[in-house]
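From first to last, the protein sequence lines stand for chains A and B.
Residues 1 to 407 (our numbering) are what the first sequence spells out, left to right.
Residues 1 to 407 (our numbering) are what the second sequence spells out, left to right.
Please note that a few of the clues may not be correct.
[Stated by the list, open to error] Facing chain A, from chain B, some residues (calculated, C-beta under 7 Å):
#, residue
1, G84
2, I117
3, G118
4, T227
5, S305
6, L307
7, F313
8, G314
9, G327
10, L356
11, Y396
12, D397
13, V399
14, N402
No lab work stands behind these hints, which were simulated from the structure alone.
The structure presented is a predicted model; accordingly, all values stated were derived computationally and were not measured.
In this text, a Cβ means the ideal position worked out from N, Cα and C, and glycines have one as well.
There are 2 protein chains.
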Amino acid sequence: MKVIQGGVTAPIGFEAAGVEAGIKYQNRKDMAIIWSQVPCVTAGTFTSNVVKAAPVKWDMQLVADSPFVQAVIVNTGIANAGTGAEGMRCVKETAEAAGKALNLPPKAVLIGSTGVIGPLLPMDRIKAGISKLVEAKAHTPEAGTNAAKAIMTTDTVHKECAVQLSIGGKAVTIGAISKGSGMIHPNMCTMLSYVVTDACIGKEALTALVKADVKDTYNMISVDGDTSTNDTFLVLANGMAGNPEIKPGTQEYEDFAKALRYVNETQAKRLAGDGEGATALVECIVTGADTKENARILARSVISSSLTKAAVFGKDANWGRILCALGYSGALFDPEKMEICYEGGGQKILIYQDGLGTDFDEDIATQILSQPEVRILADMKMGTETATAWGCDLTYDYVKINGDYRT
Amino acid sequence: MKVIQGGVTAPIGFEAAGVEAGIKYQNRKDMAIIWSQVPCVTAGTFTSNVVKAAPVKWDMQLVADSPFVQAVIVNTGIANAGTGAEGMRCVKETAEAAGKALNLPPKAVLIGSTGVIGPLLPMDRIKAGISKLVEAKAHTPEAGTNAAKAIMTTDTVHKECAVQLSIGGKAVTIGAISKGSGMIHPNMCTMLSYVVTDACIGKEALTALVKADVKDTYNMISVDGDTSTNDTFLVLANGMAGNPEIKPGTQEYEDFAKALRYVNETQAKRLAGDGEGATALVECIVTGADTKENARILARSVISSSLTKAAVFGKDANWGRILCALGYSGALFDPEKMEICYEGGGQKILIYQDGLGTDFDEDIATQILSQPEVRILADMKMGTETATAWGCDLTYDYVKINGDYRT
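Only chain A is shown next, with the shape it has when bound in the complex (with noise of 0.2 Å):
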């Protein structure tokens, strides 16, 4: 597998675009479409917020039912959750503007919403980015960013991903984009990540990798504890590579799966190093634990403890909260037996042993707090378990975005 340049036009017969549609933002990009040359089988995971937006109930339904989807449209600004029979009527006006111009049944068509939960969805300009998007969109690197960008909240940068395997003498590649920033807790996925492929895999096959993904990628990130309404993973593959089915129990398979843990992975480390008012990635890499699960629950908690976050903000060594926060997490330890490091910028210092305290270096443990992604270590000592989960530092920046999303 290697990582090559571009997102989600990258795969073989994907076009993409991004176009300002003035849905509540002006002079930015704010609808994206994906659109493939021919059918995909999909598969995805949705938010487990009991309140979900109209479009996640809808995308949840196609990929239950549809026979095949071929295209996403994306808006941003307007989260079209909160907005009860109105909502679904506006996603499915959507998919019908959609449809009638990529010449696609409805069900064809997925649709993402992010943005502020409560408004309706102004259904004019929807229709006029539509007609925008189907002449745009193309099979070029420039476009599959302008989609990366389109999808963008209150994101610093946008995310686009892609790497190349052989499979069966084929060359296959995935590409994906993903948006995040705040409401950033996900359960059961992201709040929007496309991956789309040109592998040639059964949807039952795909459904399976991404449901074993999901609990090691976007399930072990969070910038502030809140599990948004729009929550939405999605992977499209749409066969064009050529290449014989990828079957489970085989090497592709696990080749595959490989690349695609990867591209997931690398966009939800993106995800949560660019947090709301984030400045520096925080990662908990959780060894010797008993069992998987308490790996994951203990890493979670760590990277979602307001106090340690606050701590690394301040690049101060607390680690106290860390201690702590392994603590409630609900999973069980000894205390005095774990160990702590902090790892960054090639250093690495024990900070807890033996149920105390070490006598570390504060000047090196400052240095590593200082870096752009800062790793805490976390020895369990009980078992053979790892888990690895990844998070922000809580600023000011996060208060003001947040004090004051909607105007």
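The hints should help you fit chain B onto chain A, whose structure is shown.
Positioned in the frame of chain A, the structure of chain B alone reads:
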């Protein structure tokens, strides 16, 4: 029942003091004593964090085993958590020193600590502090207030409270001091809250009351989602009011329970409203829930949401975040049927109904959100169960306080 002036020195036979012991800070009171002239029965609840501070372990054992208790010694500045066997030795030495000075067995001395996790207690200063406390203790309102002040860390106001009621013709008094501020997401009880009473009541009855109370008081507040290693809630009853023993199933029991609930709810609200950096108390009242437990889960989820908290700080009527937090709470409900209102400063507005935001007046919403006490009312329209939870807004000062706590 009537509310009276004072705190832990209001009930008969209780003395208190707060002194400067120089544990971590200079020129501020940082050690407190509560002492009863006669032995007390006691009940308490403690943090559910796997990492329990040494004094928590000590108190848990005393509450379980000790035939009586008669004193509480508290220090601030250092939590004595993450300190292993050394930490336990410090607790034992503290109890021994206090026992000697007060002519009590060490196992009659409860210990509390709060502050930074990790460092060991300076035992020479602790012992000198105990001497000062024993000398200074008095049955005066000022002495009680001094104790309330001495247990503060980042609290901006001290928190004491007292009520009086008549039981069997005798005046019975309950008094309390509490501290909170950060690392507040109690799961069994809050940081430190000490309630004393001169009521005559058996250990079993007192234990039952404490267990019932915490569910609706200290367990319903959150400042930052971080469950501390030191959470301790203790009630001491010395029987000096001379009332006939309060027995379960009697009117006197109900009256006492109501008074105790008032004290605990008052202190819990004060802890939430004085959360680190807070400018407003946020109260979420859930009505119409299907079960009591779901009502509690829903109310807690709203006041714990970083995004809802930041929106209150920004006086931004972004009700979608409330709906979102209800949705990811874990409790099931129909988003199309429930209703949400804001209430505060004598005004109340309906903001969400029938699956849609209402056409509410933004100016009134801003007025309500600018009050020092903001209420969020969520009517789930499913049943008759209710619960109330208390939190605070998320501000720049929370980040400032916790970015640089140790220095």
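Hint by hint, here is what the structure shows:
The closest approach between the C-beta of G84 of chain B and any C-beta of chain A is roughly 3 Å, which is under the 7 Å cut-off, so the hint is satisfied. Taking 7 Å as the C-beta cut-off, the interface hint given for I117 of chain B holds, the closest approach to chain A being about 2 Å. Taking 7 Å as the C-beta contact cut-off toward chain A, the hint placing G118 of chain B at the interface holds, the least distance being around 4 Å. Taking 7 Å as the C-beta contact cut-off toward chain A, the hint placing T227 of chain B at the interface holds, the least distance being around 4 Å.
The beta carbon of S305 of chain B comes within 6 Å of a beta carbon in chain A, closer than 7 Å, and the hint placing it at the interface holds. The interface hint given for L307 of chain B holds, since its Cβ lies 5 Å from the closest Cβ of chain A, which is under the 7 Å cut-off. Hint status for F313 of chain B: holds, given a least beta-carbon distance of 5 Å to chain A, under 7 Å. With 7 Å as the threshold, the beta carbon of G314 of chain B comes within range of chain A, its nearest partner Cβ sitting at about 3 Å, so the hint holds.
Among the interface hints, the one on G327 of chain B holds; its C-beta lies about 3 Å from the nearest C-beta in chain A, closer than the 7 Å criterion. Restraint check, L356 of chain B versus chain A: the minimum CB separation of about 5 Å is within 7 Å; hint holds. Annotation: interface hint on Y396 of chain B holds; nearest CB of chain A at approximately 5 Å, less than 7 Å. Interface hint at D397 of chain B: violated, since its Cβ lies 9 Å from the closest Cβ of chain A, which is beyond the 7 Å cut-off.
Evaluation of the V399 of chain B hint against chain A yields a held restraint, the C-beta minimum of about 5 Å falling below 7 Å. Hint on N402 of chain B holds. Least Cβ distance to chain A is approximately 3 Å, under the 7 Å limit.
Comparing the model with each earlier hint shows a violation of hint 12 alone; every other hint is respected.
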